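Single-letter residue listing:
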Amino acid sequence: GDSVTQMEGPVTLSEEAFLTINCTYTATGYPSLFWYVQYPGEGLQLLLKATKADDKGSNKGFEATYRKETTSFHLEKGSVQVSDSAVYFCALRDGGTSYGKLTFGQGTILTVHP
Amino acid sequence: DVKVTQSSRYLVKRTGEKVFLECVQDMDHENMFWYRQDPGLGLRLIYFSYDVKMKEKGDIPEGYSVSREKKERFSLILESASTNQTSMYLCASSLLAGSSYNEQFFGPGTRLTVL
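If you read the sequences in order, they're chains A and B.
Position in the first sequence (from 1) plus 213 gives the number in the working numbering.
Position in the second sequence (from 1) plus 18 gives the number in the working numbering.
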């Protein structure tokens, strides 16, 4: 079945540091890929997405590129802020499903210090 | 703005009690989902529904049931709560297929503790 593996957390950075959170996946067919973010005390929000190979999703300074050859969708940001502290989830949606079912990674806790 | 609301943010129940978690969305979405979120395990799908009165099992349906009598409302039922069902429960909704961009919108979650 489908699966998503994220780098182990928690990740602790200083403000303005570079961020990478690794995500790799296993899926049949041609999945769509997502990054969701969960701020403290809230539900998940879509951060960015990519639907085909070599697509780059971007939002709020975050980027991720759909790499089919390495089955990866790593999240990056050039300069993190304290307000980026949250839990980040990588997810995929199998291209064959008609119900939009998502498979999530285990989540990575990011803490950014001033 | 899309809004997904859940009936309680925090809930404490006793072992063996019947528990109802309610979710309402206001965007006329066809799909609705219930997940549980546990540290180190991410989100796991319990049940989903693609239409009124329709339901499909997700990855971990054991110990749970669902009800969807109206399009906007999707209920998760724990028939006899157990301590291993202590978790954060998240509801989500999305449009039906047809678009590869149909995003899932999440509610704020219900943190359930079973004593």
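Just so you know, these hints were derived from the structure itself, not from any lab.
All of these numbers come straight from a predicted model, not from anything done at the bench.
C-beta atoms are modelled at their ideal positions from N, C-alpha and C, and glycine is treated no differently.
Among these hints, one or two may not hold up.
[To be verified] If the Cβ cut is set under 8 Å, some of the chain B residues that face chain A in the computed set are:
(1) GLY58
(2) LEU63
(3) PHE66
(4) VAL70
(5) PRO79
(6) GLY81
(7) TYR82
(8) LEU108
(9) GLY125
(10) THR131
(11) VAL132
[What the hints assert, rightly or not] Cβ-to-Cβ under 8 Å is the rule here; a few derived chain B residues that face chain A:
(12) GLY34
(13) PHE38
(14) SER93
(15) ILE95
(16) LEU96
(17) SER100
(18) SER112
(19) GLU121
(20) PRO126
(21) GLY127
Practice prompt. Provide an ascending list of the numbers of those earlier hints which the structure does not satisfy.
Written response: When the structure is compared with the hints, numbers 4, 5, 6, 7, 10, 11, 12, 13, 14, 15, 16 and 17 turn out to be violated.
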